[in-house]
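Based on the sequences and whatever the hints tell you, model everything.
Chains as they are written, first to last, in the numbering used here: chain A, 73 to 299; chain B, 73 to 299.
No lab work stands behind these hints: they were computed from the structure. Check each hint, because a few of them may be wrong.
Repeated chains share a single entry, so a pair holds when one copy, or any two copies, can fit it.
Stated by the list, open to error - Derived PhoX-like pairs: lysine-lysine, alpha-carbon spacing no greater than 25 Å straight-line:
id: 1; residue 1: 218; residue 2: 156
id: 2; residue 1: 152; residue 2: 194
id: 3; residue 1: 203; residue 2: 164
id: 4; residue 1: 218; residue 2: 297
id: 5; residue 1: 170; residue 2: 196
Number of protein chains: 2
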Amino acid sequence: MNHKEEHFEGSEMLSDIVIGMSDGLTVPFALAAGVSQAVDSNMVIVAAVVAEIVAGSIAMGLGGYLAGQTEREHYFNELKREYKEVDELPDKEKQEIKDILAEYNISENTQNVLVNELAKDKDKWVQFMMKFELELSEPNINRARKSAMNIGISYIVGGLIPLLPYIFTKTPNDGFMYSVVLTIIALFTFGYFKSKVTGQNKIKGAFKTMAVGLLAAFAAYFIAKLF
Amino acid sequence: MNHKEEHFEGSEMLSDIVIGMSDGLTVPFALAAGVSQAVDSNMVIVAAVVAEIVAGSIAMGLGGYLAGQTEREHYFNELKREYKEVDELPDKEKQEIKDILAEYNISENTQNVLVNELAKDKDKWVQFMMKFELELSEPNINRARKSAMNIGISYIVGGLIPLLPYIFTKTPNDGFMYSVVLTIIALFTFGYFKSKVTGQNKIKGAFKTMAVGLLAAFAAYFIAKLF
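So this is what it looks like as structure tokens:
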């Protein structure tokens, strides 16, 4: 019954894995499919895909971490601004809360009582404004760091699956065929469990995830064939 | 003064461009740097990078769109659940609202008055729970579609910048050198304007964006050199 709690606890790591692995399975798979049409050495395909996995995991992991830092700075800027407004324009800030409550048909009398109780404690007042007016929660920086790691690692793990067949075969075409088969299975399985975790239709989710991967791979494949 | 409005209006497209272009500048740049160390034909580098740009833009664009759809399904599932709970366990739902208000030192009397006013209109009550208990807003599906397009196109535009030098030079090393120079300038400029738009320190933001791109490129470069 506690769906708020269910929704947040432990699911953050899963959400990171989903983000990293979705892209990790898709982009290196498609890149390998594309490059397999442009070269005749598996070594070059493996070098390209490894380079992409390294770059992609850094871009997603570190990029995500820095985006988290920026979000945190944004939160504290808004917090400072909210404290300033509560000090300088208390009536305007009170009116903003009353406007929010009015949207839910709360009577003017109750609006006034609530706002006056809230205004007794400036910290609580600002917290209320941050959450209910600006809809901002304090970003957790440790979470951002862990999240960056989880996403980066999931990207690498995802990327290794389409890569492996090119390591263990001798020609780009063999690598391509096994990579397609292996990655279709991986995308389908991943899409299935992803949907299970997020409470969506599992089969539909599995097909959707597979479709994105296949579309990306076939687009890359046919475009690289033009070279 | 209306920072809520400032925060949301028009900034969504910019946010999409930032997401797409950050990765578009970084990953194709790093991939090209890596592949330039493993092959001796610019044609192969261009084929690989074009394949990656196609795959990356589809993965980010379409993947993002489908994630938006899933989020929307999640919203409506929770909405249904909230209606059900309001019907079947009204006292529990009322208590949840009272608990939220209690966190802000709202007196029990005011909690009761507000909850009883809210409970008069079931739709408003459920809306209130969605926003203030679950912190969910109804995702806009048109927004998700536009967002997917914006992100995909920004990724392509970003990716063309590191790619162009390999088209207009004759050897991988020449392409690599010009690509590094051009992309450093692009990353710095992009980081600068990104920070300007989000109200962060512009020079710091420019260096951060550049650092992620360079780190990804050098990691890809040195790993590809091993092949």
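Now the hints, each set against the structure:
no., hint, verdict
1, 218 to 156, "neither (33 Å within a copy, 36 Å between copies)"
2, 152 to 194, "within (12 Å within a copy, 36 Å between copies)"
3, 203 to 164, "both (17 Å within a copy, 22 Å between copies)"
4, 218 to 297, "neither (40 Å within a copy, 30 Å between copies)"
5, 170 to 196, "both (16 Å within a copy, 15 Å between copies)"
The structure does not agree with the numbered hints 1, 4 stated previously, though it agrees with the rest.
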